[in-house]
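Number of protein chains: 4
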Amino acid sequence: MGGMAVRTPDPNPGWLSEEDLYEARRRLPIVYVEAIPVRLDALGYVTEIGMLYTADDDGQFFRTVVSGRVMYRETIRAALLRHIEKDLGSLALPQLPPSPAPFTVAEYFPYPSETGLVDDRQHAVSLAYVVPVSGECSARQDALELSWLTPEQALSAEVQAEFLGGREQLIRQALAHVGYIG
Amino acid sequence: MGGMAVRTPDPNPGWLSEEDLYEARRRLPIVYVEAIPVRLDALGYVTEIGMLYTADDDGQFFRTVVSGRVMYRETIRAALLRHIEKDLGSLALPQLPPSPAPFTVAEYFPYPSETGLVDDRQHAVSLAYVVPVSGECSARQDALELSWLTPEQALSAEVQAEFLGGREQLIRQALAHVGYIG
Amino acid sequence: MGGMAVRTPDPNPGWLSEEDLYEARRRLPIVYVEAIPVRLDALGYVTEIGMLYTADDDGQFFRTVVSGRVMYRETIRAALLRHIEKDLGSLALPQLPPSPAPFTVAEYFPYPSETGLVDDRQHAVSLAYVVPVSGECSARQDALELSWLTPEQALSAEVQAEFLGGREQLIRQALAHVGYIG
Amino acid sequence: MGGMAVRTPDPNPGWLSEEDLYEARRRLPIVYVEAIPVRLDALGYVTEIGMLYTADDDGQFFRTVVSGRVMYRETIRAALLRHIEKDLGSLALPQLPPSPAPFTVAEYFPYPSETGLVDDRQHAVSLAYVVPVSGECSARQDALELSWLTPEQALSAEVQAEFLGGREQLIRQALAHVGYIG
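Residue numbers (full-length UniProt numbering), protein chains in the order written: chain A, 1 to 182; chain B, 1 to 182; chain C, 1 to 182; chain D, 1 to 182.
Okay, chain A solo, but in the shape it has when bound:
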């Protein structure tokens, strides 16, 4: 936030340069939202869970959920919708939950972590929601694949091992929240 210290007018308030964001991430908890996209049947039972399959900078593949930062002056709901559209496309027809209360709050810390959840870039406080989607979904370019798994598949040891930073927990918590009986 270098030059900001003199408090000159800012042509772009609410935006951080890459460098300033890098620094902020080492000084403040960053607000995130995470969405577990689900397909529901007519009775509201979860039939499928959407997961992203992507690669990190080293080319290692891993699974993840819809996730992203809340911007300055952006509402939680607007951030949720923005990240869902970014990751699932604009035809996903997500049904954002009527209640603003997340089913859990995931706290990611730089390693070593007090919570078991790790994000080496930052301390993130992430509000997690189960989001039914009823439309057509298509993963964005940089996510290699969007796959829909049954709850049973999503809880399999094989799939759970493909998440990073403890995010497999989020899947388990989401399924417990929706009352899935394994």
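Check the hints yourself; a few may be wrong.
Derived DEER-like restraints, expressed as beta-carbon distance ranges [unchecked claim]:
| no. | chain 1 | residue 1 | chain 2 | residue 2 | range |
| --- | --- | --- | --- | --- | --- |
| 1 | B | E85 | A | L93 | 14 to 24 angstroms |
| 2 | D | L144 | C | E145 | 50 to 60 angstroms |
| 3 | C | D41 | B | S17 | 53 to 63 angstroms |
| 4 | D | Q153 | B | A157 | 12 to 22 angstroms |
Calculated from the structure, these hints are not laboratory results.
Since the structure is predicted, the reported quantities are computational estimates derived from the model, not experimental observations.
The C-beta atom is built at its ideal place from N, Cα and C for all residues, glycine as well.
Given chain A's structure and the hints, the job is docking chains B, C and D onto it.
Here is chains B, C and D on its own, set in the frame of chain A:
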């Protein structure tokens, strides 16, 4: 349950005669579900609440919510869907919530009541859900009117006074649950 | 409910004879409460879960949670407290949760079950709560043992296999609800 | 974060200078926790709500709740406990809730606000919890008064008007969450 005492085979297990139901209601808490139908915008904010406007046996008009008994061997979700279709029609396209946890449990007692909620027919334990609907709704025959009110209208003293048995509380709790800021 | 059919005054309204309860259980969903007793540390993290270890009529041992029926005209909270005191003793100092909303609703059906949860005596709709206890607990006479397990122990395959009727799911859901990261 | 741009070692990582915090508050949503302290009876019903009565820089009195920022690398629970102890003293014996899910998320924006909640210093994303306290509470020096009000008093128009920035909503939502029937 008169004749059942001899435990003869029952041609219709799981169904109670009117008289037996009358008696059961004076001996056991009865499981109910209640649904607050809502219209949501693209961000998940509640824009309208659906309310039924009906009349009791004496011709007195009052407002109420979608409500009904859970039958023997019926799931909560099946009962919710059945009562929503009964009261809002089969084209309502309700989105039953992914979580089985109600936003509140309303306990109706014969007067005088410990909870402030009254149902003179019975002790009812009612699981209450906010249910987004996106289709066409039409009140069933014996409900005179289905009206969609804004949250502000629904909380007005005038509308709140038109509920019976304390059910206006359910509207207030539902709106608080969805984070409505008055 | 045999004699009740003539609607003579009832010296003991709100109580069912054993036989009438037997019949009601085959005709109506029965309201239950279940409590998962937990020990919390100063920050509210669950350190231990209380489980009952008991035997069925055939002498088979199994684990279970605090559980029981809600009586006619009894509030959910009064039923919770009554069953906790019955199973953990009167010195347990349970802290009933401020919200009436259960963390899940467990639906037990006679076999075969739509939900995976089974109770061969009845269709039970059970409101489940996590209840912190801070006092001295001692199992009642007919429960052989009250044991306190860590979340990790409670989730072990060995312990999970010792529950009946799918109640091990309740433990998993309760731990997911409290944010336990395994 | 001026000097940080050169990424020299930081003697005090995780702390922001007053000036840097001032700037961050204009660029990033800030993570807050808010606690509504309550007294519960043996059945878990809320009998009293604790409110702080304080004055702003201009000497205007207003009511508020326990509230404060989550620090870098601090858990939500640790922040909650720290702010409760700061505002209610070290003998309050708060019982932090077993679930990490807040009953609501309050989003405060600099005026004009999309949510109706206002904080002219910043965009705050605040996780709100109902926290039972069983010990002795005493307001810290700079809060003039800690008062315990019944739910009915807390919802009175007079008391509701004494909050700033829309925080009276939090009281209403908290009481709806605990099932208070007015």
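Each hint tested on the structure:
Range check, B:E85 to A:L93: Cβ separation about 22 angstroms, and the 14 to 24 angstroms hint holds. Range check, D:L144 to C:E145: Cβ separation about 53 angstroms, and the 50 to 60 angstroms hint holds. In this structure, C:D41 and B:S17 meet the distance hint of 53 to 63 angstroms, their C-beta atoms being roughly 54 angstroms apart. Taking the beta carbon of each, D:Q153 and B:A157 are about 20 angstroms apart, inside 12 to 22 angstroms as hinted.
Taken one by one, the earlier hints all hold for this structure without exception.
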